[in-house]
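Asker: Each chain, letter by letter, is given below.
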Amino acid sequence: MPPIPPVPAYANDGASRILSGLLEARTGQILSEGRAWRMETALRPVLRKHGLHDSDELAARVVGKGDPRLEEDVVNALLNNESSFFRDLQVFDLIHRQILPRIQAEREDRTLRIWSAGCSTGQEAYSLAIRLRNEGARWAGWRIEILASDISTAAIEQARSGAFSQMDVQRGLAIGDLIKWFEPDGENWRASAELRGMIDFRHDNLFDARAPSGEYDLLLCRNVLLYFTPVRRQAVLRLLAAHSHAQSVLLLGAGETVIGHGDDFIAHSEFRGSYARQAAMPGSAIGRVRRQG
Amino acid sequence: MKNCLVVDDSKVIRKVARHILESLDLTVSEAVDGRDALTQCEASAPDVVLLDWNMPVMSGMEFLQALSSAKMTARPKIIFCTTENGLSHIKAAVEAGADEYVMKPFDRETLESKLVIVGVI
Chain A
416 MPPIPPVPAY ANDGASRILS GLLEARTGQI LSEGRAWRME TALRPVLRKH GLHDSDELAA
476 RVVGKGDPRL EEDVVNALLN NESSFFRDLQ VFDLIHRQIL PRIQAEREDR TLRIWSAGCS
536 TGQEAYSLAI RLRNEGARWA GWRIEILASD ISTAAIEQAR SGAFSQMDVQ RGLAIGDLIK
596 WFEPDGENWR ASAELRGMID FRHDNLFDAR APSGEYDLLL CRNVLLYFTP VRRQAVLRLL
656 AAHSHAQSVL LLGAGETVIG HGDDFIAHSE FRGSYARQAA MPGSAIGRVR RQG
Chain B
35 MKNCLVVDDS KVIRKVARHI LESLDLTVSE AVDGRDALTQ CEASAPDVVL LDWNMPVMSG
95 MEFLQALSSA KMTARPKIIF CTTENGLSHI KAAVEAGADE YVMKPFDRET LESKLVIVGV
155 I
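So the protein lines, in turn, are chains A and B. Numbers given in the numbering used here equal positions in the first sequence, counted from 1, plus 415. Numbers given in the numbering used here equal positions in the second sequence, counted from 1, plus 34.
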């Protein structure tokens with residue numbers, strides 16, 4: 416593990432400083448003031464699981480560096496895994512009405528590659544898979560690859576299982592899609608094997624990424640950059656650019672931008688709210704040769 | 035402003051739903067059962083109906099069937115909102131013409147999401 420970095424000013428007590436420092440060292444994420452207040456609540460299950468009394472005792476154990484499982488539980492607890500199906504519906508409309516038809520028209524090798532970077536518990540990737548499957552014959556004969564990666568082992572485990580609570584499936588998911596693509600599983604609802612089989616869920620760190628391979632036509636990294644320092648945002652964009660081709664489309668969260676974070680991406684000239692790799696040249700062809708990493 | 039008719043025999047549920055719906059800039063009217071709802075719909079069609087399943091006098095499903103032959107200028111969107119959370123009930127509601135389905139308990143985010151899906155907000 417790299418050394419624990421300096422601590423944000425708002426982390427104003429010893430235990431908070433150590434635990435937020437662990438989060439940043441492991442994930443690059445800084446604990447914003449908006450999330451700092453809920454640290455105690457978020458860590459309560461960790462205290463219970465490991466038989467610890469309070470966050471001071473927890474911090475002491477972390478500093479002792481004797482328990483990797485404990486550190487992983489702390490990191491998982493402090494990460495924000497908020498997600499929902501079809502979050503920001505207009506983004507999915509943009510993808511399916513404009514971006515994907517363009518890719519489909521230009522992609523000569525009939526392969527569609529999508530990367531959901533920072534996928535949390537998987538709702539974004541499942542939403543894409545549902546729309547693609549609902550379009551049925553339109554994608555007949557196409558090879559569709561969806562990579563979904565996240566730093567949280569707990570989030571990826573849940574995403575891979577395809578199990579979602581009753582509350583989860585009621586946020587953004589149309590009832591017709593629930594009937595068609597999910598089945599009751601005890602108290603939860605579970606995505607069909609067909610949907611789960613479409614997505615490659617991988618535990619991965621955006622600063623030491625091993626999951627992505629080659630170039631992706633569509634990259635989604637929404638509501639991820641906001642947790643990073645400007646320097647780390649630039650590093651993430653550089654990684655995304657390295658896995659983009661001239662016609663790739665990058666989508667960020669509504670409050671996120673590439674402006675001020677290096678020159679790897681520029682605003683897309685055609686798809687409002689999305690980004691293209693800086694080197695993109697108008698009219699350049701895609702799909703003749705796909706470089707694999 | 036668009037109008038939502040909340041149909042539920044529980045005063046508490048109607049109150050909670052009203053609070054959420056008004057915070058979403060909808061005007062709200064209330065009905066205590068399916069018959070009451072049908073009368074109100076025929077008098078003035080709402081944009082959307084939040085509909086309980088099990089109610090005295092006329093159930094949600096009976097209301098939905100009666101609505102198809104009711105004299106109305108426009109058919110409202112129908113969102114079931116019920117404790118009947120099994121897949122068979124959900125399928126039956128959709129086959130009967132429901133546009134969306136909320137499984138109780140619900141919160142603001144759930145109602146907002148369903149209203150977006152049916153195009154009311």
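Read the hints as simulated data drawn from the structure, not as lab findings. Warning: the hint list may mix true and false statements.
Claimed, not checked - Footprint (simulated), chain A over chain B, 3 or more residues, beta carbon under 8 Å: (1) 119-125; (2) 134-148.
Claimed, not checked - Beta-carbon label-pair distances, calculated as ranges: (3) R142(B) to P516(A): 31 to 37 Å; (4) D428(A) to G120(B): 46 to 52 Å; (5) D59(B) to S580(A): 37 to 43 Å; (6) E487(A) to Q99(B): 53 to 59 Å; (7) V150(B) to I594(A): 33 to 39 Å; (8) A130(B) to A661(A): 49 to 55 Å; (9) D59(B) to Q693(A): 28 to 34 Å.
To be verified - With a Cα cut of at most 25 Å, we get these calculated DMTMM-like pairs of lysine to aspartate or glutamate: (10) K464(A) to E572(A); (11) K480(A) to D623(A); (12) K125(B) to D623(A); (13) K138(B) to E455(A).
Yeah, the Cβ is synthetic: ideal placement off N, Cα and C, and Gly gets one too.
Asker: With reference to the structure, classify each hint as holding or not holding.
Answerer: Quick rundown of the hints versus the structure:
As drawn, the segment 119-125 of chain B meets chain A at 5 residues by the rule of a beta-carbon pair under 8 Å; at three or more, the given contact holds. For a cut-off of 8 Å, the count of residues in the segment 134-148 of chain B with a CB near a CB of chain A stands at 10, and the three-residue condition holds. Here the CB-CB span from R142(B) to P516(A) is close to 35 Å, well matched to the stated 31 to 37 Å. Between D428(A) and G120(B) the Cβ separation comes to about 48 Å, which falls inside the hinted range of 46 to 52 Å.
Judged by the Cβ atoms, the range 37 to 43 Å given for D59(B) and S580(A) is violated: they are separated by roughly 28 Å. Checked against the hint of 53 to 59 Å, the pair E487(A) and Q99(B) passes, with Cβ atoms roughly 54 Å apart. With their beta carbons about 19 Å apart, V150(B) and I594(A) fall outside the hinted range of 33 to 39 Å. Between A130(B) and A661(A) the beta carbon distance is about 51 Å. The supplied range of 49 to 55 Å therefore holds.
Between D59(B) and Q693(A) the CB atoms are about 42 Å apart, so this pair departs from the stated range of 28 to 34 Å. For a cut-off of 25 Å, the pair hint linking K464(A) to E572(A) stands: about 18 Å separates their Cα positions. Restraint check: the Cα-Cα separation between K480(A) and D623(A) comes to about 22 Å, which is no more than 25 Å; the hinted pair holds. Using a Cα cut-off of 25 Å, the hinted pair K125(B) and D623(A) is violated, with the two alpha carbons roughly 46 Å apart.
Of the supplied pair hints, the one linking K138(B) and E455(A) is violated, its CA atoms being roughly 29 Å apart against a limit of 25 Å.
Hints 5, 7, 9, 12 and 13 from the list above are not met by this structure, while the remaining hints are.
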